Each structure stands twice: as C-alpha cells, then as structure tokens.
Amino acid sequence: MTSVSRWVLVFYCIYLLLPLYWLMTMALRSNSDITGKFEVIPSNPTLVNFAEIFSNPIWYQAFGNSLSYVILNTLISICVALPAAYVFSRYRFLGDRQLFFWLLTNRMAPPAVFLLPFFQLYSSIGLFDTPLAVALAHCLFTVPLSVWILEGFMSGVPSEVDEMAKIDGHSFPYFFFRVFIPINRGAIGVTLFFCFMFSWVELLLARTLTGSTTKPIVVVMTRTVSASGLDWGVLAAAGALTVVPGIIVVWFVRKHLVKGFALGRV
Amino acid sequence: MATNKPYDNRAWLGVLPVLLIVAFSAVIPLMTVVNYSVQDILDFNSRFYVGLDWYRETLQDPRFIDAFGRQVLFSFSVLAIEIPLGILVARGLPKSGVWTSILLILLAVPLLIPWNVVGTIWQIYARSDIGLLGVGLNELGLAFNYTSNPTHAWLTLIAMDVWHWTSLVALLSFAGLTSVPPAYYQAAELDGASKWQVFRYVEMPRLGGVLVIAVLLRLMDSFMIYTEPFVLTGGGPGNATTFLSQYLATMAVGQFDLGPAAAFSVIYFLFILLFCWIFYNSVMSDDNEAQHHD
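Sequence order for the protein chains is A and B. Throughout the first sequence, residue numbering follows our numbering, covering 1 to 266 in sequence. Throughout the second sequence, residue numbering follows our numbering, covering 1001 to 1294 in sequence.
Chain A extracted, bound-state conformation (with noise of 0.2 Å):
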C-alpha cells in the first residue's frame, strides 16, 4: 500500500509540474510567439511581461491591496475561530449541531445574484471601497472553514488533556494559550493557509466590493485584455507572481504541520 502511495505521487507530481511548467514558458515569451507556434522549449525568452508588470504601478498597488485585506481576513478567522472550535469540540449545547451546520450553508450560495445585496449591505454601512469591507465579507467562507477544520484536528486532541492542566492547577487562559493552542498548532498551520488561500483567489465579492483605489490582483488580472485581445503573457506572469505570498506562507506553516500533535510535550 505504501508502495503503490508513493507511485501514485510519483505521478501526481508530474502531473501538476506539466501545466506550471508550460505557464513559465508562456510568461517567458512574448504573446504572437505563444499564439504563433508550438515550442517545448522558448527559442526566444524575454522578460518584457514581468517587465510590464514591474514597471507598472497599477500591478504593485493591486499586489498590496490584495495583501492587506486578506491578512486582515486571515487574523479575523484565527481569532474568532479558535474559541468556537474548542466549545464545539468539548462541550455540547443547545442547538450545537444545527449551527455547526448552519455555518457551513453559508459557503453554498451561488454568488451571482448575491453580489448586489452585498454591494448595497456594505455601501450602507459605509465601509465600500475598503480592505475591511472585503475581509469582513470573505469571513461568510473562511470563517465556518476555520471552525470545521480546528474542529476536526481538536476533537482528536484528548480531554484528558484538559483535565491534566486543571490537575497541575493552571487557570484556563494558561491552558487555552501555552497548552491547547501549541498543541494544535499543526491545524493553527493549515487553517491559516487555506484562509488565505480562499481569500486570496476570491474575484467576483472582491471586485465588487472594491472601487478604483483598492483593486486587488485577481481583479486587475481579468484586465489585461486590450485592444489586441487577452495578453497570455503579461496574464502568465502574473499568475505566477501571485503565488509567491502563499508560497511564503506555506513555508512557515510547515514546521508545524510536519511536527504534528506534539502531546508528548504537555
């Protein structure tokens, strides 16, 4: 069985690396020589997409504009997510199980029509055109995520756990903070990256929920269609800058990850 898992990796990474390959050879080559022939390899490299987009103020601003509503968003779900999924967890209370549920319905709604009651929600509280208003929107799925997989991982964590703290006499900040939380911080790790991951690539509440000042990258990125037609290369490039954060953020997620649940620290 192990055997055959890892063949089937084997593959799978091969798989994924064919289509990230050809998206590096389409931002290194022009856009006529992407639609003009067919090349394994590019004859004639050229750094003009990630040029236009260094060059150009419109992507960098859009880069930063991203970064903030999402790092907003991710810290919103940590924090609120943390303490619902303990309860949840340890505890059963009335109607535990309706709004366990109920918190993931509100992944499920089709965002076409929804985006004007967003709009016309958001304008009216006058929060329109901020990283807020997109953070705190983007929280309708990240947040009931959160809760579902700390959930998950802590339900796994024995409450025996508990009882040991309370045994040695620590309070229950002491034991939420400096035990439970560095217990669970493999699933800390994973939650954090799937909320930025979701907000991250979210495109239609995002770009209606900004205004000229505060587009965020997904957004400009449906732009580069001009006068000449869709732009491949300036799109691939930018499809491949914009992994960088995440990249980044999986980086410091997986010591964690890999460590586990460390119990025999407790």
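Worth flagging that the hints you see were computed from the coordinates, not collected in a lab. Remember, it's a predicted structure, so these values are computed and weren't measured experimentally. You may find that some hints are simply not true.
[Said to hold, decoys possible] In silico EDC-like pairs for lysine to aspartate or glutamate, Cα to Cα no more than 16 Å straight-line:
{"no.": "1", "chain 1": "B", "residue 1": "LYS1005", "chain 2": "A", "residue 2": "GLU163"}
{"no.": "2", "chain 1": "B", "residue 1": "LYS1005", "chain 2": "A", "residue 2": "ASP96"}
{"no.": "3", "chain 1": "B", "residue 1": "LYS1005", "chain 2": "A", "residue 2": "GLU160"}
{"no.": "4", "chain 1": "B", "residue 1": "LYS1005", "chain 2": "A", "residue 2": "ASP162"}
{"no.": "5", "chain 1": "A", "residue 1": "LYS215", "chain 2": "A", "residue 2": "ASP129"}
{"no.": "6", "chain 1": "A", "residue 1": "LYS37", "chain 2": "B", "residue 2": "ASP1129"}
[What the hints assert, rightly or not] Just the calculated beta-carbon pair ranges, DEER-fashion:
{"no.": "7", "chain 1": "A", "residue 1": "VAL4", "chain 2": "B", "residue 2": "PHE1279", "range": "21 to 31 Å"}
{"no.": "8", "chain 1": "B", "residue 1": "ILE1028", "chain 2": "A", "residue 2": "SER212", "range": "24 to 34 Å"}
{"no.": "9", "chain 1": "B", "residue 1": "GLN1060", "chain 2": "A", "residue 2": "PRO182", "range": "56 to 66 Å"}
{"no.": "10", "chain 1": "A", "residue 1": "PHE177", "chain 2": "B", "residue 2": "PRO1006", "range": "19 to 29 Å"}
{"no.": "11", "chain 1": "A", "residue 1": "ILE167", "chain 2": "B", "residue 2": "ILE1278", "range": "41 to 51 Å"}
{"no.": "12", "chain 1": "A", "residue 1": "ARG207", "chain 2": "B", "residue 2": "GLY1236", "range": "20 to 30 Å"}
{"no.": "13", "chain 1": "B", "residue 1": "ASP1040", "chain 2": "A", "residue 2": "VAL4", "range": "50 to 60 Å"}
{"no.": "14", "chain 1": "A", "residue 1": "ARG223", "chain 2": "B", "residue 2": "TRP1196", "range": "29 to 39 Å"}
Ideal Cβ positions, reconstructed from N, Cα and C, are used throughout, including at glycine.
Put chain B on the given structure of chain A with help from the hints.
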C-alpha cells in the same frame, strides 16, 4: 463530534463571535435574494409581487434541468477521483525532511493560482495546435480537440479540476495523518497488522474528520464552479459544458432578469444544502453507531 461531552450552555459564549461575524454577512443578503425571487423587477421603482411563479418556471425550464444533470455528473466525477487520489498522495508524502517541504509547496501552488489563470493555463495547455497536452495527445495518434468535441471538453474540464483541487484533499489528509501518534504504528507493527489494516484501523479513524470537511468543500465548490469552465470552454461546444452557475450568470448579468435569477439562486442553494445535509447526516449517524458498538 464525539457524543460523550458535557452539556453546558455557557459554551455559547465561545461561539458568539463567530455567529455574529458570519450572520452579519449572511442574513441580509439571503433575505434580499429571497425577496427578489418573489417579485417581477422591471427596474427598482416598479416591481410586482408574483408569488412562486419564478420557482415554478425555473423548475420546468428544460435548460435548467439539463444544466443540473451536467452539474451532478461533473461534481460526482471529480469527487470520485479527487478524494481517493488525495488520500493516496498524502500517504505517499514523506513524513519529514527536505522533500516534505518541497512537495507541500508544490501541492499548494495550484490552489494559489487565481481561477481565471487556471482556466487560461489549461485553455492554452490543451490546445491541439500550441499546447503541450493537446499537441502531445495528437502526436500519440489521438485526434484530441476540446474545442469541437464535447467528450474531450468534458475530459479536459475534469483533468483541470483534478489538477486544481486534489491538493486540497491531499493537504488536509496529510495534516490528518501527521496527527496519528507514532506509537499507534509501532503497536500495529507488533500486532503484525497488514498495510491495509494499518490504513483501515489506524489511519482512517484519524482521517475521518478531515475527510468529511474535504468531501463537503469539494462538493460545494464543484457544484458552484464558474470561472474555470467559463475561461476554458465558455460552456461549449454547444451547451455541453454549461453548468448551473454559468446559466445563472447569463440570466442575472446578461439579461438582468433579477427575479427569475434570484429564484434560480434559491433553488440552487437548496440543492447544495440538501446534498451536503444528506452526506453530513449519513456520516454522523455512522459515527454514532460506531460509538454504540465500542
């Protein structure tokens, strides 16, 4: 959720922030859409109450029924591939070391690419004149052309979704697997458990929770897929790959039929809800039975 937990309503204090922050963005838009769905909206000053007419019309619309059928087929196809594949990939990952870091990052990359770019990559990659996949398949003697052949368009869409989203299942499963205490593996080895038994009785119980999340996420998101097919095939050839959200978008944005589009959205929402509820409840009742047997 385990059932042997203490009952304490003070736990509500812990979920209150979550409830408030989600309800803020959830309740008002949903009520507004329900409100639209029972009205004929010519413009925002002249609207008429039409009751359930739009609902009746949507459910009898053959284009809705066709799109719904395609949607169900698509969602179940990608789930059937992505869930087992994701588990196998997660099991194949080394538990620590440099390769773990490299592979985790590689797995994360497709998830981090904006969805319109994912569609664009595959649109070029699969083209039979200038794309690696398209040209490659044609070199192998297959007359592959996703822009004219509906079956090829379907296979390309599924291949793209598997490429895009299997990582989600794999990353969640990997996090679940690292939570299996090493002592469990040692105990299983001492007992002479087969590899299958290790998977079934040591790893699966720990994976259960994260797999429920993975299945629900993939079910919901694949049911609402919009951007990628829009870019890749534009719903074609013909209507072969027009899924529900694309049909909805042409109604809401293209024709500005807000009333029918809102009724469509509510029905759409209720179907996703129904599928998820059935799945969630069947998993949870299995859980309860398993605990009675213990």
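Violated hints, by number in ascending order, as checked against the structure: Of the numbered hints, just 14 does not hold.
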